[in-house]
Amino acid sequence: MDQFANRKIYVGIFILLIGLIFTFRLLYLQVIDSTYKLSAESNSRRLEIVYPARGLIYDRNNLLIVHNQPSYDLKISPFELEAFDSTELCEILNVDIQTLRDAIYRVKKYERERRNPFIKQLSPETFGKLKEKQYKFPGFYFSERTLRKYNYEIASHLLGYIGEVDSSIIKKDSYYELGDYYGVSGVESTYENFLKGEKGRRYKLIDVRGKEQGTYREGRYDSDAEMGKNITLTIDAELQQYAEKLMKNFEGSVVAIEPSTGEVLALVSAPFYNPSLLVGRVRQENYEALKKDSLEPLFNNATMALYPPGSTFKTANALVALQEGVIRPTSSFGCTLGYYARGVSMKCHSHKQPLELVEAITNSCNAYFAHTYKRTIDNQNFETTEDAYNAWRDMILSFGFGEPLGIDLPSEKAGFIPKSSYYDRYYGKGYWKAHTIISNAIGQGEILTTPLQIANFAATIANRGYYITPHVVKDIEGVDTLSREFMQKNWMKPDTSYINYIIDGMDGAVNGEGGTAHIAHLKDIVICGKTGTAQNPHGTDHSVFMAFAPKENPRIAISVYVEYGEWGATYGAPIASLLIEKYLTDTIAPNRKWVETRMLNSKPTNKKEDEKKY
Amino acid sequence: MRRSINILTNTDWLSVFIYLVLIVFGWLNIYSVNFSETDPSFFSLENRYAMQIYFIIASVILAIIIFLIDSRFYSFIAYPLYVFSVLMLLAVMVIGKEVNGAKSWIMLGPIGIQPSEFAKLATILALARFLSGYNVKTNSPQTILKSLGIIFFAPVLIMLQPDFGSTLVYSAILIVLYREGLPGWILILLLFMAGIFLGTLMVSKFIILIILISAAAIAFFILNKNLKNFLIVVLVLTVLVLIGVVLKYFELIPKNNFLLLFGALVLSTIFYLIRAITAKIKHVFPVILFLYLFIGFVYSVDFVFNNILQKHQQERVQIMLGLKSDPWGYEYNVNQSKIAIGSGGFLGRGFLNGPQTKLKYVPEQSTDFIFCTVGEEWGFLGSFGFIVLYIGLLIRLIYLAERQRSKFSRIYGYGVVSILFFHFAVNVGMAIALFPVIGIPLPFMSYGGSSLMAFTAMIFIFLRLDSTRKAYLI
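As you go down the protein sequences, you meet chains A and B in turn.
The first sequence lines up with residues 1 to 614 when you count with my numbering.
The second sequence lines up with residues 1 to 474 when you count with my numbering.
The shape of chain B in the complex, shown without the other chains (with noise of 0.2 angstroms):
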């Protein structure tokens, strides 16, 4: 079945826009970043701003042969594609060139690629065409478990690159899986466990420990549905743990709150099991199991870390969670950052006047802080209207991805909604440190030829498929 329709009336031109306006946005702030007046020329491949044109430049002629290829094509290369950037990936660890201690790049003579930027794009693209085909179940245990292999070829090469932020991507694919069916409490339960992970590297036991008791108590509320319960089981704890504190003042225990708060759960877990028993009330067996099954993942995180991991792969990880960072310190580059961004004020300090910014206080300010150029020369004003574009543009991909007749175009469509989202909300965050410095580009905006061509394949890719979308149903 096949209609003759026109490609650009069919165009959303509203995303396209966007696109362009974010592109342009962010080399002026690259610009911005590299300007310096003694630098030799404009057009020299030495200056950033220079070579983020040439970027652009690639990037639209990218778009343009994107329009040209069939839509069709794109759910026929998935497989090719997705094997071909495995196979990249394993190449980069051979002949790949380490920068900054991690083996991300493939020299092509002067050009470096970056293989990861284009596993994201193949890895959706394998995912929508495998959960497209006749007769999958999307919400099927089995599908899941498929298409769990699907995501998780990728990272884990990447993983080993090592390139944390660009492994952590991939678990905004869930996203996707939960669009097409994941059971919601699956999604909840991974992402507390990568919380919990993260968390266990980042702070210290006691804090995980208390988010750990405080989910327990919340699930067992909304589990029971009895306020009384719920009442009893804080209560409890809450007196033992000040039993605690008071011996501890006394120096009758030992001086670790860790400990202190454990045996009080311990205590506390007897107690419930006894009056679980007696009183007959439900789940509280399933969520004690739970909890302890956390407190043991989340020893085993730690023993994994420092047991299995060798020296060197421990400090990595570290300096990636910017736990042992480069020689300025975790809480430098995100202090640099708030200050940066605060210091933007309501208007901002104006294009190309930014100290902060010229003075290069904050690390990787082209790649990963560029959103920090954003907050410092534009203000408030400019980077609440950088957000809602960016939401704007999610948003209106979210709306394009459910008007497909297609289920390969919309699943493809949200998985890139859900990687630029993640991009957005883990560079974001970080900038305004409200996420752990995670070193990821900000989509479109930040500089570097691999990411911004990948990120303009993955988003022309998706309105290619969006332009014929009453055209085919494949």
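Chain A on its own, in the form it takes in the complex (with noise of 0.2 angstroms):
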């Protein structure tokens, strides 16, 4: 035996050693620390979301108004780079080569960078020639979207648009993700809890250069995407069609509701984009565009601007005034081309005088509803001027004046109907009375309201005295009843009874001897309007027309501004009429054709010219 025989024991021992260790440190990393079995899973597996498709959007009558297209960004996926050729790839995308070098690097530096696409939303040309290539440029890859596509490339206002999300409304909705889209105006932005669907989740097992290979747990935690609600809106598409190419000339508003249910048939607010427009790649470019235009074509006037309602606010004056008991249907006033009082003046036009209520209407009237207005706010009846202006201003709310209507598109402004705080802000508390404010008498001074509502009006007088707040959702895929604001009827507090009175003064505007919208007459359909002249202090005045037809079971009730358009005769009255022709016809008579062609080949201009109370 040699002397280091015994070292034997130290080489066993340092190996057990080296064991014992191995022993404690995987014990340690096996059974007592758990961390590492968290990071495993989250480690190699990948949450994919599947974008849902939106819901599609459908017309009154069915028709397939938007619906989707797929989109597909180009990703990069460093771990697949290889050598490619990179001039080819960039003439395709069109892109300079330092682009590409930059997202490269980027993608191969900064691991979240690998979610960002390298170019979203490929047209299909650049795609279809990219997909026949890719084979060329591995590491390159698509991920599917949906944009929308326009059957009909109307109603740009009511259907909104559709953006990115950004931080706040993350922060706000933990549903939405960084890159989500979602629903920024219009019925996209009111209905995106329907239309935006359920996106997909898919746990894919990959790889550690990023590569599926196949599903998590079998798929246990999947869930499809669930594509969006579709919804069938009010809106009639060929009316609203038609009604865009009416005012394609103009600036202002169109709406059309049908009285009975509340629905709004058309909706137009000009000028108006094509919605395409907002889809896609050109998006932002063509948003900062629109944004920038003096004309405000994002705005949308039917439900956002604010213009005084002019004469059409006659009627309701009228109705306040035979609630109060202040005139009767057979009240009678004098006009010599105005109203002239201590301090007061207000032109009118010639026309046969003295004039009971519904030839005044007929007429449009301004002495007659200024000696209304002051027998209404003067009224004896009340202790001071301020009760009767606020039994009045009660009244008139209950047209749905001063209050958002409440409709189902974002951002719809009350209108303005002071109260009497501020006259006694303005004037000082007692020191205003009727002649003070005796523009509101024909629905100029500080009232403001705007298309949608006035529209909401003429379905209110075509109901005898209620209105449904208007809306323009029909139905919703899945959804049994809308919100029950949409069926309920809001009575006006004047009583019911007068209203005959107001609808035989608006069908002898249209149809009457001497009424002001004669243009508006057809020959079968008994039209009842009225004209307004909006006070702009621009320039020249706006062209306002209210009505509804036919005068039995109406159909169809309908607001018209034209900015710049002077009198309610001159563009508000024709447009209107061709409209209810068109809805209720389905054609323009022959004889009418004169009247639409001069609507298409005429633009108003603002002329500035004098005011005009009218």
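What the hints contain is simulated information worked out from the structure, not anything from laboratory work.
Even for Gly, the Cβ is constructed at its ideal location relative to N, Cα and C.
There may be inaccurate statements among the hints.
[What the hints assert, rightly or not] FRET-style restraints, in silico, Cβ to Cβ:
id	chain 1	residue 1	chain 2	residue 2	range
1	B	Lys228	A	Gln3	51 to 61 angstroms
2	B	Ile65	A	Gln3	50 to 60 angstroms
3	A	Arg101	B	Leu90	39 to 49 angstroms
4	A	Ala225	B	Phe258	40 to 50 angstroms
5	A	Lys133	B	Pro80	34 to 44 angstroms
6	A	Arg101	B	Phe305	27 to 37 angstroms
7	A	Gln3	B	Arg396	22 to 32 angstroms
Combine the two chains into a complex, taking the hints into account.
What follows is the structure, encoded as structure tokens:
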């Protein structure tokens, strides 16, 4: 035996010691410390979001207006990149080589960059070209999304557009993640929750290079994307299209409502834009251009523009006055080309006089309604002007003025029916009375309404005293009933028995002798209408017209605003009558083609003339 | 003198059994790593697990052939084989195929051979032959130097490939030398230097300096056997360091921890020297001398690395040390490996069921990181069993080596043990993040023909020698 034989013990102990250390280390890693188990899960599985297609949008006659088109983002997987012909790729994508290099550098360097597309929403041509040659560019792959596609390129304001969520949206609703789309405006926004659908989740096992290796736990935690709910609008696509055609030269708005249901048949805000402009790659660029446009095509005049209601408001004042008993239908007032009183002068046009109520409406006599309004506000039955005013305001509000109606479109404006405190502030408490605010008599002065409110008011009259909150969605797939607000009748405060005088007056305005809106007269359909001129401090007044038809069992109520259109009868009435005719008869009678032609070929100009009150 | 002996009854079947268990277990894990439903066919040569079956069959045939050959042949063949393997290592530098930046492979048609795997066998055979020679005093300095000459020929060539892992393996042969009489302190010193060498490249000099100072203090304590003096040493240094920290806090000295510690060390050195002379304390000079030599060594490592090695060589070394690593980074590999093993839990995820394994999160998983699969799919129970088996084999081989009457057989047996042990310790150690990532295979388990056959030859030559231990006394 050699002298070093005992060293075998040390060698053996050393080996055993290493074995022991390993055992404890393993015990720690595998049994005691649980952190590694957790990271293994997230390490090897990747959540892939399957984006749902948004719900389709139909018009009231089930014409498909909005559907979806596939869109492809180009992404880069840095691990699969191999040498490729970058010149060719740049040519196909129409990007310069530096952009490509930067993108590749970023995805290689930053993990989160890998989720971001290199190029978003490829054009179909580019996609086609690239798809064909994809084999040449390993590491480049497509991810599919859907974009809106419009069968009818109409109703841009009503439909709204879709944009990418920003951090404030994400903060508010955890459903959204960076890169998601959402409805920014219009129906896309109000019905976002129905239209958006449910994102699907796929847990994919991925290997270290990010390549898919199958499903995680046999897809136990996966969910399919659920397409958004389809929505049927109350809009009549053809009517809408026709309205847009008529309004294409104008600034202003058209709102048509089915009175019995409150369903909006058409809602035009002019100038409008082609909704397809705000889809896909061109969206940002077009959006900026539209936003910069001085005519504000993105602004929805129908629900957000505040105009004086003009003479259309006379009918409202008449109803209040009748209710308060300050006039009777037979009350008559003289008119000497206007209303002149202490410190007050209000011009009127030439018409026979004196007039009773119905005729005053037909002729839109300023003097008549100035008298009426004076009686209403200076009513001796009330202790103060303020009380009388408040009573008047209260009834005006019951027509749907002064507050948002609650249409299912975002950012509807309230209009403005001043509170008495407003005048108190302005003139001092007790220092104002009817004559101070006499402009209200003819829908001028401080009063402001939206075109939607005027259309709704027309519907109220058509309904003989009530309105149903206007709405643009008729039906949501899988949802039984709409909001109760869209079913319920909102009765006006004045007694409904007075309404027929108003209707007769409006009948006369269109169909009667000396009516202000004779141009709107149709042979077979009785249109009841009221012209108006909305005072415009910036120049030529706006042409306003509200109407409904037929007189009995009305099927459509409408308001038309044409900016700088001057007289209600110049643009408002012809356009309204054309739309009514189109809606009720599906066609424009040959003898009225000239009206259509005139509307299509004329363009009002802002003449910046003196104010006209009428 | 010759007795007629039945080879089979004298064969150590326990070792053979463990060997078989390990290669089968290894194959199962390779299968699990590479198994995929989309693979063309089971026996396709594109599959690693299919290839490994051929390697296993070849290895078993090789083992049988080894047993058919007279055991004295291996002593006879030792030097020629050694020369041949060195020639092969030279050849690989010329005709070798470069894979992953290292020229380690000689291609014979479709078959690739790694000479470095076989060089280990040749080296321990040659070493055993040399040390078992007549009149060789194994613990004489002359013998040790000659032994080191035999040992270091191969690793130097392998280093040039470069294959850092395989180079380091040769350091394990120190265990053989130790068993045969190498003074213990040389072993410790060499191990320490190796550690410092690696450490210098891998961790900051500040940490190295702390380790050196601690080692010096411990050495001082061991040599001096005087607790009081030891405490004074520690106290003085600590106080100086604390002063340095305060000064650093008030920004009175540069914000460099290394300089701070080094400054404190130099100041305390002066103190110790004065005290050593006045109080006549022994061993202060040698300890301090060694300490400064080591600090110098640290700097020379740095200097050699930064100034003598070329840029790409530096990078290779760094990559091999896992410092500059593949695109995924050193941390990444270690982490993935830890995650894979950790996720196995107590019972494991089950055969073919490890997502980490299946998804190839761990690099080189059929070769260097095969233990990850063991850990992930077989859990603590499986890996513990594996370790018991492996350590069992090593202890068994030590037992076998010790029972040899022939010095050649014993030394060779220790050679086998040391090389297997080094592979095992480094491979498993790196998988469980105890050692730095050094790419060497886990014998009998890792995928690869050369390594499997080389290790098979290595162990079966020893078992063949053992089977005739009673017959010959070479």
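Against the structure, the hints:
no. : hint                                      : in the structure
1   : Lys228(B) - Gln3(A): 51 to 61 angstroms   : 37 angstroms, violated
2   : Ile65(B) - Gln3(A): 50 to 60 angstroms    : 38 angstroms, violated
3   : Arg101(A) - Leu90(B): 39 to 49 angstroms  : 44 angstroms, holds
4   : Ala225(A) - Phe258(B): 40 to 50 angstroms : 58 angstroms, violated
5   : Lys133(A) - Pro80(B): 34 to 44 angstroms  : 60 angstroms, violated
6   : Arg101(A) - Phe305(B): 27 to 37 angstroms : 34 angstroms, holds
7   : Gln3(A) - Arg396(B): 22 to 32 angstroms   : 24 angstroms, holds
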